[in-house]
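Just so we're aligned: 114 in the UniProt record's numbering is position 114 of the sequence shown, and the numbers increase by one with no gaps anywhere.
Hints in this document: simulated from the structure, not taken from any laboratory.
Among these hints, one or two may not hold up.
Here are the simulated lysine to aspartate or glutamate pairs, EDC-like style, with alpha carbons at most 20 Å apart [claimed, not checked]:
#, residue 1, residue 2
1, Lys69, Asp102
2, Lys36, Glu25
3, Lys46, Asp15
4, Lys36, Glu74
5, Lys22, Glu74
6, Lys38, Glu70
7, Lys46, Asp61
8, Lys20, Asp61
9, Lys101, Glu125
10, Lys38, Asp102
11, Lys78, Glu37
12, Lys69, Glu26
13, Lys55, Asp102
14, Lys55, Glu17
15, Lys46, Glu70
16, Lys132, Asp143
17, Lys69, Glu81
18, Lys113, Asp102
19, Lys113, Glu125
20, Lys46, Glu74
21, Lys36, Asp15
22, Lys46, Glu26
23, Lys14, Glu25
24, Lys55, Asp15
25, Lys55, Glu25
26, Lys69, Glu47
27, Lys36, Glu26
28, Lys33, Glu47
29, Lys20, Glu70
30, Lys69, Glu25
31, Lys20, Glu37
32, Lys78, Asp102
33, Lys33, Glu74
34, Lys36, Glu17
35, Lys14, Glu37
36, Lys38, Glu74
Fair warning: this is a prediction, and the values are worked out from it, not measured in the lab.
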Amino acid sequence: MKKSQRGSHHGLLKDREDTKLKNTEELWRQVNKLRKEKPNTSWSYKEVWVGAGLKSNVALDSPWNAHVKEAIREHNNKVREQSDWGPTAQSERKTLRTANKDLRQEIEELKSKLNAVLSQVAVWEAEAAYHKRENQRLQKQLDRLNSLRGGVLSKI
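Start from the sequences, fold in the hints, and give me the full structure.
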């Protein structure tokens, strides 16, 4: 039986380097494509590695592709700054995140106002109940006095 060659260490290292280069080229190709297609929106890392045809984010997270990740980060920061400070910031709609944040703050303000109003209502109800009981007590006292006065006048 003849033994077949399974490969060499040198061949495995070469294949690994070729795969690294191919993945890096595909990632850069996707970044350049996104620069043309979506220059004013943020890119997700997943959008880049999926668009490059990779099955996972391992290649993008690798140290030899840190420059690709940095390019994505710089683009996203630039887009964020433009939306915050740029001339188009007034015309652009708020992002969902900022809109949700504003709505949460408004809900918290309304809750605190509601609690203040409810506590005021509770105080008024307690005062009304106290005055009602006091009124009933005084009415009974008045009735007793009237009945005593009626009894005293009838004796005279």
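Do the hints match the structure? See the list:
At roughly 31 Å between alpha-carbon atoms, Lys69 and Asp102 are farther apart than 20 Å, so this suggested pair is violated. Straight-line distance between C-alpha atoms of Lys36 and Glu25 comes to about 17 Å, which keeps the hinted pair within the 20 Å bound. The straight-line distance between the Cα atoms of Lys46 and Asp15 is roughly 25 Å, outside the 20 Å bound, and the hint therefore fails. With a C-alpha separation of about 16 Å, the suggested pairing of Lys36 with Glu74 holds against the 20 Å cut-off.
This hinted pair does not check out: Lys22 and Glu74 have alpha carbons roughly 23 Å apart, beyond 20 Å. A C-alpha spacing of about 17 Å is found between Lys38 and Glu70, which places the hinted pair at or below 20 Å, so the restraint holds. In summary, the hint linking Lys46 to Asp61 is supported, as the alpha carbons are separated by about 11 Å, within the 20 Å threshold. At roughly 12 Å between alpha-carbon atoms, Lys20 and Asp61 fall within 20 Å of each other, so this suggested pair holds.
Restraint check for Lys101 and Glu125: not satisfied, since their Cα atoms lie roughly 36 Å apart, outside the 20 Å limit. For the proposed pair Lys38 and Asp102, the alpha carbon gap of about 27 Å is over 20 Å, so the pair is violated. Taking the CA atoms of Lys78 and Glu37, the gap is about 16 Å. The hint holds against a cut of 20 Å. A distance of roughly 13 Å separates the Cα atoms of Lys69 and Glu26; the hinted pair therefore holds under the 20 Å criterion.
Taking the CA atoms of Lys55 and Asp102, the gap is about 38 Å. The hint is violated against a cut of 20 Å. Using a Cα cut-off of 20 Å, the hinted pair Lys55 and Glu17 holds, with the two alpha carbons roughly 18 Å apart. Taking the CA atoms of Lys46 and Glu70, the gap is near 14 Å; set against the 20 Å cutoff, the hint holds. For the hint pairing Lys132 with Asp143, the CA-to-CA distance comes to about 16 Å; that is within 20 Å, so the pair holds.
Straight-line distance between C-alpha atoms of Lys69 and Glu81 comes to about 18 Å, which keeps the hinted pair within the 20 Å bound. Note on Lys113 and Asp102: the hinted pairing holds, with a Cα-Cα distance of about 17 Å set against a maximum of 20 Å. At most 20 Å may separate the alpha-carbon atoms for a hinted pair to count; Lys113 and Glu125 meet this at roughly 18 Å. Restraint check: the Cα-Cα separation between Lys46 and Glu74 comes to about 16 Å, which is no more than 20 Å; the hinted pair holds.
For the proposed pair Lys36 and Asp15, the alpha carbon gap of about 32 Å is over 20 Å, so the pair is violated. Between Lys46 and Glu26, the direct Cα distance comes to roughly 14 Å. Compliance with the 20 Å bound is thereby established for this hinted pair. Between Lys14 and Glu25 the CA atoms are separated by roughly 16 Å; this keeps the pair inside 20 Å, and the hint holds. Our distance criterion of 20 Å between C-alpha atoms is met by Lys55 and Asp15, whose separation comes to about 18 Å.
Straight-line distance between C-alpha atoms of Lys55 and Glu25 comes to about 15 Å, which keeps the hinted pair within the 20 Å bound. Proposed proximity of Lys69 and Glu47 is supported: the alpha carbons are some 12 Å apart, at most 20 Å. A threshold of 20 Å between alpha carbons decides the hint, and for Lys36 with Glu26 the separation of about 15 Å falls inside it, so the pair holds. At roughly 11 Å between alpha-carbon atoms, Lys33 and Glu47 fall within 20 Å of each other, so this suggested pair holds.
About 17 Å separates the Cα atoms of Lys20 and Glu70, which keeps this hinted pair within 20 Å; it holds. With a CA separation close to 13 Å, the supplied pair Lys69 and Glu25 stays within the 20 Å bound. Taking the CA atoms of Lys20 and Glu37, the gap is near 26 Å; set against the 20 Å cutoff, the hint is violated. Restraint check for Lys78 and Asp102: the C-alpha separation of about 23 Å exceeds 20 Å, so the hint is violated.
Between Lys33 and Glu74, the direct Cα distance comes to roughly 16 Å. Compliance with the 20 Å bound is thereby established for this hinted pair. About 29 Å separates the Cα atoms of Lys36 and Glu17, which puts this hinted pair outside 20 Å; it is violated. As the CA atoms of Lys14 and Glu37 are separated by approximately 34 Å, the hinted pair breaks the 20 Å bound. A C-alpha spacing of about 14 Å is found between Lys38 and Glu74, which places the hinted pair at or below 20 Å, so the restraint holds.
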